[in-house]
Structure formats: structure tokens, C-alpha cells
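Using the supplied hints, reconstruct the complex from the two chains, each of which is provided in its own coordinate frame.
Sequence lines, in order, name chains A and B.
So the first sequence is numbered by numbering that gives the first Met the number 0: it starts at 0 and just counts up by one.
So the second sequence is numbered by numbering that gives the first Met the number 0: it starts at 0 and just counts up by one.
Think of the hints as simulated: they come from the structure by calculation, not from any bench.
Glycine residues also receive a C-beta, built at the ideal position from the N, C-alpha and C atoms.
Treat the hints with caution; some may be incorrect.
Claimed, not checked - Just a few of them, taken from the derived set where beta-carbon distance is under 10 angstroms, the chain B residues facing chain A:
(1) P7
(2) Q27
(3) G32
(4) V47
(5) D51
(6) N70
(7) D187
(8) F218
(9) A255
(10) N298
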Amino acid sequence: MAPAKVQRNQSRSSSGKATSSPRAKRQAAIPKAFTREERLDAFRMMLLIRRFEEKAGQLYGMGHIGGFCHLYIGQEAVVVGMQANLKPADQVITAYRDHGHMLAAGMDPKGVMAELTGRRGGYSKGKGGSMHMFSIEKHFYGGHGIVGATVPLGAGLAFANKYRGNDNVALCYFGDGAANQGQVYETFNMAQLWGLPVVFIIENNRYAMGTAIERSSSTTNLSQRGLSFAIPGEQVDGMDVYAVRQAGARAIERARSGKGPIILEMMTYRYRGHSMSDPAKYRTREEVQKVRETHDPIEHVREQLLDEGLTDDELKKIDRQMRDVANVAADFALSDTEPDPTELYTDVVVAN
Amino acid sequence: MPTQILMPALSPTMEEGTLVKWLVEEGQDVKSGDVIAEIETDKATMEVEAVDEGRLSKILIPAGTEGVKVNTPIAVIDTEDDSEESQAGEIPDTKPAAIDKGHADARPFDVDVKAPRIGAGTQSKLEITLGTETVVVTMREALRDAMAEEMRRDPDVFLMGEEVAEYQGAYKVSQGLLEEFGGKRVIDTPITEQGFAGVGVGAAFAGLKPIVEFMTWNFAMQAIDQIINSAAKTRYMSGGQVSVPIVFRGPNGAAARVAAQHSQCYSAWYAHVPGLKVIAPSTPADAKGLLKSAIRDPNPVVFLENEVLYGSSGAVPTGEDWIVPIGKARIAREGRHVTIVSFARGMTCALEAADQLAKEGVEVEVIDLRTLRPLDLETVLRSVRNTNRIVTVEEAWPVCSVGSEICAQVAMQAFDDLDAPPVKVSGADVPMPYAANLEALALPSVGQVIAAVNSVLYV
Ligand SMILES: Cc1ncc(C[n+]2csc(CCOP(=O)(O)OP(=O)(O)O)c2C)c(N)n1
Ligand SMILES: [Mg+2]
Chain A
0 MAPAKVQRNQ SRSSSGKATS SPRAKRQAAI PKAFTREERL DAFRMMLLIR
50 RFEEKAGQLY GMGHIGGFCH LYIGQEAVVV GMQANLKPAD QVITAYRDHG
100 HMLAAGMDPK GVMAELTGRR GGYSKGKGGS MHMFSIEKHF YGGHGIVGAT
150 VPLGAGLAFA NKYRGNDNVA LCYFGDGAAN QGQVYETFNM AQLWGLPVVF
200 IIENNRYAMG TAIERSSSTT NLSQRGLSFA IPGEQVDGMD VYAVRQAGAR
250 AIERARSGKG PIILEMMTYR YRGHSMSDPA KYRTREEVQK VRETHDPIEH
300 VREQLLDEGL TDDELKKIDR QMRDVANVAA DFALSDTEPD PTELYTDVVV
350 AN
Chain B
0 MPTQILMPAL SPTMEEGTLV KWLVEEGQDV KSGDVIAEIE TDKATMEVEA
50 VDEGRLSKIL IPAGTEGVKV NTPIAVIDTE DDSEESQAGE IPDTKPAAID
100 KGHADARPFD VDVKAPRIGA GTQSKLEITL GTETVVVTMR EALRDAMAEE
150 MRRDPDVFLM GEEVAEYQGA YKVSQGLLEE FGGKRVIDTP ITEQGFAGVG
200 VGAAFAGLKP IVEFMTWNFA MQAIDQIINS AAKTRYMSGG QVSVPIVFRG
250 PNGAAARVAA QHSQCYSAWY AHVPGLKVIA PSTPADAKGL LKSAIRDPNP
300 VVFLENEVLY GSSGAVPTGE DWIVPIGKAR IAREGRHVTI VSFARGMTCA
350 LEAADQLAKE GVEVEVIDLR TLRPLDLETV LRSVRNTNRI VTVEEAWPVC
400 SVGSEICAQV AMQAFDDLDA PPVKVSGADV PMPYAANLEA LALPSVGQVI
450 AAVNSVLYV
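Isolated chain B (complex conformation) (with noise of 0.2 angstroms):
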């Protein structure tokens, strides 16, 4: 019975791959398990086993063909028709698979973001100037670069961390550093994130600048009291005698479908502590130029990743130079009507949905936090004092969150000006969901943030 063998999707986020090469030729047997052709995707090169028996009678993609879409049939395997009492059948016939892609426009972000949002130079608060001179890069090369860069220029700085060596990271952000810095400054550890965190700690207490990788903030988690009750009180408790100049950083916030024990956002946690900065970029510019200023700063500085934006490009300027304030937070659009507040993620929700409000005649000014800690409040209620108007956007829980935070300070500090309560969007407030509908809805949309522009406008 002749079988399709479909373009299969090698990681949650891939949506097309290119067919590098076949490794086995038409005509010839193969069974469960071979190895039978490679696959590139915008991680990794991959290898595609054979799941059915029988004999590869033909190749429908050949070999070097870019831009293959998942679920597309690449090849024929005549297997032996030995399944007379299976109802189920073999693989069906190119159904269009993908149950995800059904919800794709319920879904409130894309994976694997497309848009570089930033330096296209119509924004006038962004700090990349007119003439300076950038290149296009991914959120995880800047982070790479920022790292690089550091470690050229201070010889104290290391990085440490689950697979960030050998394996150029779980997430391929420290990809080549290992190649650069050799083992002494790029190192696995075992899985054991409160005791490297703590070695982290006590390495910076005697003066080393170790950046700490969580393969995710979710197994940080593990490691929050030498967070907190090492790194961030320590200067305190020792009368000011003991700095601690260490970056912890990783990716955070919601993956696609990995459910609650992996998708979680720990702004708020880590926002809430004295002794801590915090960091949650939303581009590859602010990615770059905030981490270089994290590892030079001698305070404990814990930096918010976002998985699903590190494979979004944008402009970043080049050179050593490019360093981004610590506390500053972003003007990414301007506007007179509505103050949107964000960072992380919920900008790419935030920006859509001023895009989309522009349409109709709403001038939505987005500012991008940037730094959770400090807050860059001056900047958020200079906006408010304009627009009267404010709405915040993020992907954690609502309870107690950066958002509560800044609707709490405008309401104390900017009541006057207010026209409208301020309206908080949020992600649910439930562990994230596994199926791909509740997933959605537990997730910030852009229908939210119109419905909730709207509603502090009483349209």
C-alpha cells in the first residue's frame, strides 16, 4: 500500500524546513527507524527516521529544496499490506494536518514572529538615530553578540549553565561561544540549578561576572532562594560591602503548547524584589544593548528572555558601542488617544493592535517597558498626562502583576488626569492550558487590547 511520508514539523515552532539530503535512494527497503533523509530548520539540522516498513518508490522532494512546508508529502514508501485487521489505517493521505494551524487566527500571537517592528525609523523616541548604521539580526544572535562582545572586552565574565556549551545551548543562543572562549568560560553544568546558581552567586561575591542561563525560568524556579535570598540581599546585609555582578537569564513567558509546568511569566516575581533589576526586551536592538548593560552593571540583574521571539529579526546597530540604559523605558509608538503600556511579548499584541486602532482613527501611544525593575514610571505618566487614558499589556497572570503595579501608580500619582479607570489585559488566570484552544484563550489576544482601547474611550 503506497504511504506519503509527509514533511514533519521537528520542533514546536517549525512551520517549513529545507530537505538538505536523502539518505537513502528509490528503490531501496527501508524500515521503521532508518535515518532517511536530513532535515534543516531554523534551529538545527535534524534527522527524519522512517516510521513504516516497505520499499522507497519514490521521491517526491529532491534533495536541497529550501522553504519545504510541514505536512507536505515528500516521498512514497510501498508498505507491506500487512494491516488487514487495523481499522485505524495507515498515515492518512496529506490530510491538512495540523490542528494548531486551525486556531492560527484565534491564536493572539504567531509563533515564530515575522515582523521586525523596530529601526524601521518611522518612531521618533527610538534611540537608534537616523544614520546610524545597523544590521538585521535575530533576538537570539543579539543575545549572543551581547555576550560575545562582553567577554571580549572583561575577561571576568563567564557563562554557566545547562547544555550552553557543548550543545550550543537548548535554545541555540550561546551558539559558537563555546568555539570562541573555550571551556574554562563556557560551561555545562549538571541539572542542578539551585547549586550552580548558588556557585554563580559566591563567584560573584568574589568579584567574578558570571552570566547564569536558566534553559528556562521555569526551572529557575529551583534555584529562587539563592536568587533572592543570596544575590539580591546580599549588598544590604552586608552594609554595602558585598556587590554581586550577576546576570541571570533565560528564556521566560509562554512556549507554544509545552502547558503549565513550562509556560509561565515571572515578571512580577522577580520585579517585586529590592536588590534585583529586571529586564523583558521585545527586540533584538533593546535584546543586545540591554544584556551588554546587565553584565556591566554590579548589581544582581535577572533577564527576562522570550522563546518564541528569539527567532524575530530586526535592526540592531552595529559595533561594540550599542548599549541600551538600564530603567528606560520605550516610546515604540506614538500616539494622543490611549497610552498602551507592555513589554516582552505583549508588544507584538500591543503594536498590532495600534495598527489596527490607527485604521479607525485612534492614536495609540505603546510604550515598551523594557526594564521591569526599575520602573520607568516618569515615562509612562508623561504619556498619561497626554493620552488620559491607559491600558496595559502583558502575558503573566493579572493577580498582582506589572500591570497591577502601573495601573496602581497611575491611579495614585496621575488620578486627575485620568479620564477612564485604567484596564489591565492579562493572560488568564488558570496554569496554562496544553490544548490548543484553551491555550489560546489563555493567552492575550489583539481582540482584547481593541475591546479594552475601546472600552477607556467608551466606544
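If we strip away everything but chain A, and leave its shape as in the complex, we get (with noise of 0.2 angstroms):
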């Protein structure tokens, strides 16, 4: 099979007729798919991420969570795209920068934000933490430490659909960094030889910790990584929640079809340090700033709606709804209480 053709970049306005306006071309950027509602919730999940991140890092420089935390500030549509288009049985695989990819999936604030305090109402019961979480409910199999192990896993829970021959779909995310592991690339073979329904979603932040994708990467079109494989991928703009949605949608149905696996490389940025020690000496303070200013992805979403005629008040009564799921989730990770001692030794295997 010869490799699809890759897609470049999709960016706002090449949907759209050429215009100088900004607003015009904000518009002609919004397919006609979307419906306000849509668009609303979109505007609703990715402030929610957004404000429930901030929390947590104001948890964290309390002292409240412990270890490591890794916030997902400023690449919230990359998940809130992609979640819009799955069925509910779907699944769903991360590593630890994992809190928004939860949020995006139905979980339940309160039970992320006390697994982060460590309280036995949070998902694990307290003892995964921040980096491992999970939610079979919602299809969710984490949450995992071990930067590239997820994506053989991401493979399997594909397999398992396959085998069973349901046309569920699993979703794959891992960062630009651990594009690099080895079994990101026994695993791409794997995919494609086996035609397993798996989307490899690669969050390109620009920078794995410390490292810039350049001083790490050979080849820096992560897209063009699956093509000695013959696996198709794109480049999306992973700061416009709309194009995450489209090439999201596209990719979903042709794993869904059976035509195989997919990437998709989401340009995004972090907008905050790799974890919570991190200080960021690697890149300028007017980087960060550049990005915030020019690309925040709720920002963009934001000024569509009020040139749809939405008001100021009610994007910022939106926002006050959100940062008030985020407060009663903290009011929750605090007031619970941690596990019982006896659960040391639970869970360690199935009991017979």
C-alpha cells in the first residue's frame, strides 16, 4: 500500500476564501459542522482543563499534592478536539500529562482532583496519583509513567477491538519526546501489518523536559514518522480546536472503516514548566508569552463566539461556572479522607 499523501498544517483561514479581515477569516475558519453548541462546549471543556490545572498547580505549591504534576495549560484543544468525535466505548490512552485527557472524557473533577491529594474518593483510590489514573467507566486506561510504554498498550486495547470485531477505535497519545522510543516503532509496524484501529496521537509541545524537539530529533515531521510503515499522518494545528476536531473525525473513520492506523501530530505548546520542578531555563519567558498571546486555544474559540454575538458576561459567567467545578473539586481532594491503611495491600492482584 502506497503511503496517503500528508497533509501540511491546516491552518485557520485555508478553508475559508482569502480575506484580510480577522474576523472574517475567524469565520470562514469555522466549519459549517459545528454547531454553537458545539462550539460552546468546547469553549466550556477547555476552560474547565484550563481552570482545573491551576488549581491543581495552586494545590501543588501548597503542599496539598505531592510528587510529580504535570500540568496541561495551553494545549487543551488537542484533547477537547479529539474527544468530540469518539463513541463512548472508544478508548483512550496517555501518559502522565493526563488531567485534561480525563477531564475530556466525562471523568469526574472531584475524583480526578483528590487521586492528585492522595484521598480514597480519587480515581485509584489514592494511590496512583497524579501520573496513574484510570476510569474503565469511561474507557480510560490511563495515566502511565513510562514515557513511550503507552504506546504498545495504545496498540493493544486496538487489537482487542479487532479481535472481537467491534469497530471501536483507540485513541493513542505521547509526547514529541517519546517519539523516540524504540517500541514507538515496533509498534507502528505491528499496527499497520495487523490493520489494528488505532490513532497515534502526537502531542508536539516543542520540547520533551529540557530538550527542544531539534536537539533530539533527527527528523523533526513527526507526522512523516509511520511512513517507512506505510502509515499516513498529518500535521494539525493542535492550538485550533476546530481543525483538531476535523483531521480527528477524518482519522476516527478510517480506523473505524478498517483502512488501519493513523497519526496525527498536534502542533501544541505547554504553556507552564514539564512538571512542577521545573525551571524552565531552556526557552525565553517571551516564548511562552508569544504563544499565549497570539495562539491560546481558548482565546481563539473565545473571540469566535463573541463574533457570533455572544456577550462578555456570558463567556465570563462560562468561566465562573468552570472555575467553580475546579473549586468544589479542590474543596472535595481536600475535605476527603486519605485511604484506609488496610488498603496497602489491596488491588495487588485479583483475589481468588
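Rendered as C-alpha cells:
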């Protein structure tokens, strides 16, 4: 099979007529298929993730969250756009920068936050923490701490779908840094060889801890990393929730219809340090500031909603509601009790 | 609504820091995400971002203040009061936060250790003899100095691993090495543990002396095939033709609150393997002397550091000749009633227990194994023949552990000398839990060691 044509960056204006007015450009970028309600949903979910993460960062600073805590701020459009395409039984797996994926998958913010504080009401009963959380109910398979290891796991979820003959698709998220692990390529080969219904989503936020992608990768167009296995790939503007959703819709449909794996490279950016203890000396404050000011995924949608006639007050109200959800989650996460000491020895193996 | 900004904890181990400078002034408006101050921790200088939006009405801690405890209010921000629907409210005023801290007493070890336990000159079997000139450095500096000295001495020695060069090491162990030795000898790798471990082994086949850093030993699981199948077995398989002079190093064991996939002690895993040497130091002096020996050793050496001990300090002999031989245990404290055998962070626990027991008249001999393969059984057996009682202390899982091997050897070789069955103190036989209370229960504690000593004494 010949590799499918790789599509390049879908810029916001590419689907519309050339025009100089930013407002007209934005209008043109809105695919007809998006209802106002869908746009508002995306806005809400991205805001929820951001407010949740800000709260988590605050709780970390106060010592209520320990260990490693990797915030998703800046990357919200990726999960929100992808998740909008899923059927309830489709599976999701990712690494440790996972809070956004869980919220987008519909997991309860209280349960996620309580896991961050290590309480019994957390999704893993307080045993997993920020990096290790699961919800079988929501088909969310973690939440893993080992870079690269989730890629074959995601293919394994897809393998089960094919084995069972259902039409579910697995979404497998990993980072630009993870894309250099050997097992990624072992997985690409098997996934294409066996035609597994998996979408590989590379969240290219340009850095793996302190290493810019140019310093770690001999080729930096990660969407092409599957070409020698005949897996098609596409670079997507990961700061634009509509672009993500459209590319995701095509990729998921392709996988669902039995055409095998595909790679979506999401061009995105993380605003915060790698984890809470990252001094971030490898990039300038101006670089971060520039992305925030010119490419913020939430701001992008907000402006479109304003253009459409929603008022600033209405949008502020949504923001307040999301802040409240995060606050309520934090309250729960602080007032819930720690796991019972006997939990130390439970769940190690299935008791029989 | 005035909201206090608190001194944030910027790393899993931070307890206090220096407020280096303010980047905003009183009266200035800030929005969430703005960098408002710089704070220096033991590891790095970090930026603090505002979380709330509003006007910075008061700076409570002036720039330049050192030793500001986590959670101290550092400034006040007047936020726009737009959260009337919120039940949660804003940051609660200076709660005595840190849930973990509530468990401080229950924790077997204090995170970020204080006591320079060695070099005090009180214990007789220290290799630092009286009159040796010493300097107090942290474990991380001792390790760095060992690498730097050996790299100066031998141009075939080079360092490679994730974030070792430009970032100065994920745990700041390789600080300054890129500057001194350049990019040819201090090499940042992609996140490809099996790949770069194998490249290191191949380079060692060809006679170079690589130091391969794993960001933590948890990630070396990706590379364990190269360590065992390629590094450990090649000399044997080649009938002695091909040596593999390589050092694999990095932090091992439980760090604070990083949970199951990032908190595991690999001592037994590597101590099991013929063809490897395995080292796990507990003091800066041993760390430096043993790392230098490891780099000079013509065999593959697995060097298990401990993240929680990186910030601990101790006296290290000055000069480039400080070498600690591989395969020799150290008697860290002499005693005649019970022998405790431990290593790495278990030593913190063992020595603390010995201190407390001494107050009750129990004289414990504490042996720091330092090298886990080859084991210095001679030192252990000699001590047991004297005390007739043995307790092992380690952070690893109990099944097939280093403690298991010590107990087995003592039972086999000194059975008639024993007055009580050996007792093992270890980590709990479970993956490391995240919750603060469970984590404390999963790690060995001073209390458990004291109980074990009392049990072999039948008191
Ligand atoms: C096998 C392995 N090696 C190293 C690490 C340490 N580590 C954690 S995250 C990370 C960077 C990963 O970067 P990327 O894949 O780009 O994801 P991002 O953090 O940007 O989301 C590293 C090196 C790890 N967790 N697992
Ligand atoms: Mg990245």
C-alpha cells in the first residue's frame, strides 16, 4: 500500500476565501458542521481543563499535591477536539500529562482532584496519583509514567477491538519526546501489519522536559515517522480545536472503517514547566508569552463566540462556572479522607 | 477580595527557599500566568506565576529574603470578586497546608536529609582516618566531582544520558560538566534508554569508558536487556576477549510521592547478575570514592544512587586520590549486641534506630554494605560471630532481596553462632502507593528497625 498523501498544517484560513479581515478569517475557519452548542461545549471543556490545572498547580504549591504533577495548560484544544469525535466505547490512553484527557473523557473532576491529593475518593483510591489514573467506565486506560510504554499499550487496546470484531477505535496519545522510543516503531510496524484501529496522536509541544525537539530528533516532522511502515500522517494545528476536531474525525473514521492506523501530529505548546519543579531555563519567557498572546486555544474560540454575538458577560459567566467546578473539586479533594491503611495490601493481585 | 499568595513548594522535596526577586511592584495589576517572582530552591531558580487575577496590593516578604518556609504568605493580591457562585472560595488563608507534613512523624525518613552522618570521627572503622583533610559537600556534588576528576584523568571517559548536558542533569548531578568538557564528552540523548545504553555498551566494547546516566533506574527497565545480555555477559561469552568498562548510574529507590512506576529499588535485580558489579552508597565520601573506582573498573558497574540522599552532605577527603574499593563493607557504628546490615537510604533508618537503642543500653553494630555485588560477607560474618544476632534493613521489596541473601548466607555459614533467627526489615511487598499515609507505611521505619532489634534480643 502506498503511503497516503500527507496533509500539511491546516491553517485557520485555509478553508475559507482569502480575506484580510481577521474576523472574516475566523468566521471562514468555522466548519459548517459545528453548531453553536458544539462550540460552546468545546469552550467550556477547555476552560474547565485550564481552571482545573491552575487549581492543581495552586494545591501543589501549598503542599497538598506531592511528587510529580504535569499540567496540560496550553494543550487543551488537542484532547477536546479529539474527544468530540468519539463514540462512548472508544478507548483513550496517554502518559502522565493526563488530567485534561480524563476531564475530556467525562471523568469527574472531584475524583481526579482527589487522586491528586491522594485521598480515598480519587479514581485510584489515592494509590496512583497524578500520573496513574484510570476509569474503565469511561474507557480511559491511564495515566502512565513510563515514556513510550503507552504506545504499544494503545495498539493493544486496538488489537482487542479488532479481535472482538467491534468497530471501536483506540486513541493513543504520546509526546514528541516519546516519539523517539524504540517501542514506538515496533508498534507502528505491528499496527500497520495487522491493520489495527488505532489513532496515534503525537502531542508535539516542542519540548521533552528541557530538550527542544530539534536537539533530540534527526527529523522533526513527526507526522512522517510512520511512512516507512506505510502509516499515513498529518500535521494539525493543535491550538485550534476546530482543526483538531476535523482532522480527528477523518482519522477516526478511517480507523473505524478498517483502514488501519494513522498518525496525527498535533502542533501544540505547554505554557507551564515540564512538571512543577522545572525551572524552564531552556526557553525564554518571551517565547511562552508570544504563544499565549497569539495562539491561545481558548482565546481563539472565545473571540469566535464573541463575533457570533455572545456577550463578554455570558462568556465570563461560563468561566466562573468552570472555576467553581474546579473549586468544588479542590474542596472535595482537601476534605476527603486518606485511604484506609488496610488499602496498602489490597489490589495487588486479583483475589480468588 | 484580598487573597494571600503563599510561598509555593516548587519541587517534591522543597521545604524552604530564597525569595530572590520580585518582578512586579505593589499596586501593579497581574493576571494568571504572569511571572511575579523568582525563587531559589536547593536545586534551581524558579519562576512563580500568579494564579489569580487582580492587583498586587502588598509584598510581605522582601526580595533577598532567605529561608522562606513553604506556605508563608509572601504577598497579597486583591482579586476581582467575581465568584459569588463559588462555594469553594479562593485560596484559603494560610492554612497550615502540607498534608504530608502531618505525617512527618510517621515517615520513616525525612525527605531531604540533614545529618552528615559520616566523617564525624567518632566511629572507628571509617576509612577517613584522623588527620585526613576533608571538605563537606552534598552527595550530588560528590558524584559530580568524581566524574569530573575521572574525566580529567582519562580522555576515554564520557557521560551520556537524558538531560545530562544543557539541563545540567534532571537532578543536577552533572552540573558544570558540559561547560568543562564540552559536547563531545557530555552528551544529551533522546529518550531512548535501550538505544543509548546499547550505544554505550558498544562503545565500551571498543575500549571507551562510558558513564551512562539513567534519569532514574525506573527508566533503565527499558534498557535492562542491554545491561544484562550485552554488558554483563559479554566478557564470559567471548572467553575473556571483550571487556565492557562501562558505568550505568542514576537515582534508585523511592523518591517522595512519585508512586509505583517511579519508586522502586533495583538492588536485588542487578545484584543477581554475574558479570556485573553493583554499588549503592549512603554517604558523599563513599559515593565519590566508589564512583571513581567504578569508572576505573574494567567491568560493567551498576551504580545505584538515591535521590532523597542527593541533598545530604558529609565530609569527603580532599584531593583526587580518594578511592573507596569495590566489594568492601564499612562498619558505620560499632556495637556488640546486635548486627544491623543495611545500605543506601536504609542506613538513615538503621543509624537512627541505633542511636535510639543506645539510649536504652543496646549497642548495635551497623554495617553499610556499600557494594551489593560482590558482597562483603566476611565483614558481615565477623560481626555476627561477635553479636550473634542480625537484622537487615532495606527499602526494596522483601522477596528475594539483598536482605534475603544476607540472611541466607548467615544462616548457612554462621548458624551455630546465631542466638536468634535473622530478621529482615524491608519495604512493603506492594507497588509504591501515592497517598502520603500509605507511602509512609510502605517504607521501612525506625520503629520497625527498633522492633526487629528487640525481637532478636527477645525483649
Ligand atoms: C522511559 C522513561 N524515560 C524517561 C522518563 C522521564 N521523563 C518523563 S517525561 C519526559 C519527557 C517526555 O517528553 P514528551 O514525550 O515530549 O512529553 P511532554 O512531557 O512534552 O508531554 C521524560 C524524559 C520517563 N518517565 N520514562
Ligand atoms: Mg513534549
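Cross-check of the supplied hints:
Taking 10 angstroms as the C-beta cut-off, the interface hint given for B:P7 holds, the closest approach to chain A being about 3 angstroms. Interface restraint check for B:Q27: the shortest CB-CB distance to chain A comes to about 16 angstroms, outside 10 angstroms, so the restraint is violated. Interface restraint check for B:G32: the shortest CB-CB distance to chain A comes to about 7 angstroms, inside 10 angstroms, so the restraint holds. Among the interface hints, the one on B:V47 holds; its C-beta lies about 8 angstroms from the nearest C-beta in chain A, closer than the 10 angstroms criterion.
Evaluation of the B:D51 hint against chain A yields a held restraint, the C-beta minimum of about 9 angstroms falling below 10 angstroms. With a least beta-carbon distance of about 6 angstroms to chain A, the hint placing B:N70 at the interface is held under the 10 angstroms criterion. Below 10 angstroms, beta-carbon pairs count as interface contacts, and B:D187 has one with chain A at about 6 angstroms; its hint therefore holds. The beta carbon of B:F218 is positioned within 10 angstroms of a beta carbon in chain A (closest approach about 7 angstroms), and the interface hint is therefore held.
Of the supplied interface hints, the one on B:A255 holds, with its beta-carbon coming within about 6 angstroms of a beta-carbon of chain A, less than 10 angstroms. Annotation: interface hint on B:N298 violated; nearest CB of chain A at approximately 26 angstroms, more than 10 angstroms.
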